[in-house]
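Chemist: Residue numbers (the numbering used here), protein chains in the order written: chain A, 15 to 153; chain B, 16 to 152.
Simulated from the structure, these hints should not be mistaken for laboratory data. Cβ atoms here follow ideal geometry from the backbone N, Cα and C, with glycine treated the same way. Some clues are possibly wrong.
What the hints assert, rightly or not - Selected chain A positions facing chain B (in silico; Cβ < 10 Å):
no.	residue
1	V26
2	I27
3	M41
4	W60
5	L71
6	L74
7	L99
8	L100
9	T117
10	T136
Unchecked claim - Below, simulated SDA-like cross-link-like pairs (lysine to any residue); rule was C-alpha separation at most 20 Å, straight line:
no.	chain 1	residue 1	chain 2	residue 2
11	B	K83	A	G44
12	B	K20	A	V97
13	B	K99	A	N131
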Amino acid sequence: MIVNLMDWFLSVIGGVFIGISSGLLFMANGRIAGISGMVSSLIVPWNADTLEKALFLLGLPLGAMFYVLLGGDLPITLMASPVTLLVAGFLVGIGTRLSNGCTSGHGVCGIARLSPNSIVATGLFILSAILTVALGRLL
Amino acid sequence: MRPNKLMSALGAGLVFGFGLAISGMVNPSTVLGFLDVFGGAWNPRLAGVMGGAVPVAALIFYYARSIKPAKDLPSPPITCIDRKLVVGSILFGIGWGLAGVCPGPTLIAIFFDWHFLPFLAALLVGMMAGTQLRNQI
Numbered sequence: 015m016i017v018n019l020m021d022w023f024l025s026v027i028g029g030v031f032i033g034i035s036s037g038l039l040f041m042a043n044g045r046i047a048g049i050s051g052m053v054s055s056l057i058v059p060w061n062a063d064t065l066e067k068a069l070f071l072l073g074l075p076l077g078a079m080f081y082v083l084l085g086g087d088l089p090i091t092l093m094a095s096p097v098t099l100l101v102a103g104f105l106v107g108i109g110t111r112l113s114n115g116c117t118s119g120h121g122v123c124g125i126a127r128l129s130p131n132s133i134v135a136t137g138l139f140i141l142s143a144i145l146t147v148a149l150g151r152l153l
Numbered sequence: 016m017r018p019n020k021l022m023s024a025l026g027a028g029l030v031f032g033f034g035l036a037i038s039g040m041v042n043p044s045t046v047l048g049f050l051d052v053f054g055g056a057w058n059p060r061l062a063g064v065m066g067g068a069v070p071v072a073a074l075i076f077y078y079a080r081s082i083k084p085a086k087d088l089p090s091p092p093i094t095c096i097d098r099k100l101v102v103g104s105i106l107f108g109i110g111w112g113l114a115g116v117c118p119g120p121t122l123i124a125i126f127f128d129w130h131f132l133p134f135l136a137a138l139l140v141g142m143m144a145g146t147q148l149r150n151q152i
């Protein structure tokens, strides 16, 4: 393992923020913080909830920018080629719509409320992602 | 739409984005470091994020259910483990594993690195296709 303790600690703290945010949206808005679902709902037709979801999504980059303004380090190393990104994006889009959630909706909120669907979904997408990376090593 | 709901949605988004940034999950190579269990340099940070997020969310969900009427909160989870859930999760995992990118981090990274654009564009197309497919099968 090549992770230092400080990085690990920051990840747990980041997770706590994510948990607080998910709890806030649940309690104040009666909504599950599922990012793929909210993104897909921005594709027309819009309805009465669209603005609320759009504001949550707008908060994501603004929150990250605030972190950078405070002096936080935000390294981004993207190794995938544009073609790989196209295939990956398409699969993530179609997959999250079929299974009705991604890492936030199933992985965090769903597991937190012990949803059997989300526990199965999270297990499957982590397993298939691990196998994809492993296969990529062989090719 | 009540304005306070708009403010809380924006506020929750800010906290979520701040958390994602601190957590390191905006960086695809950190995510791939977790998924690459056979690479000899496993990076457990994603597990740390889940370990921080899930218990905190669970506690607040539990608290919310104890103080607010059920109609003001999301309905309890339904159990329907069908073909859509299984196939969709596997497809999502393959896409996630190909690049180490998922929807939340993309919405942040796109403002720092335009190379995420093909992913975002294809994500939207895939979502439209997925919505169509979902209604058919």
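Chemist: Which hints, by number, does the structure contradict?
Modeler: Numbers 4, 12 - these are the hints that the structure violates, sorted from lowest upward.
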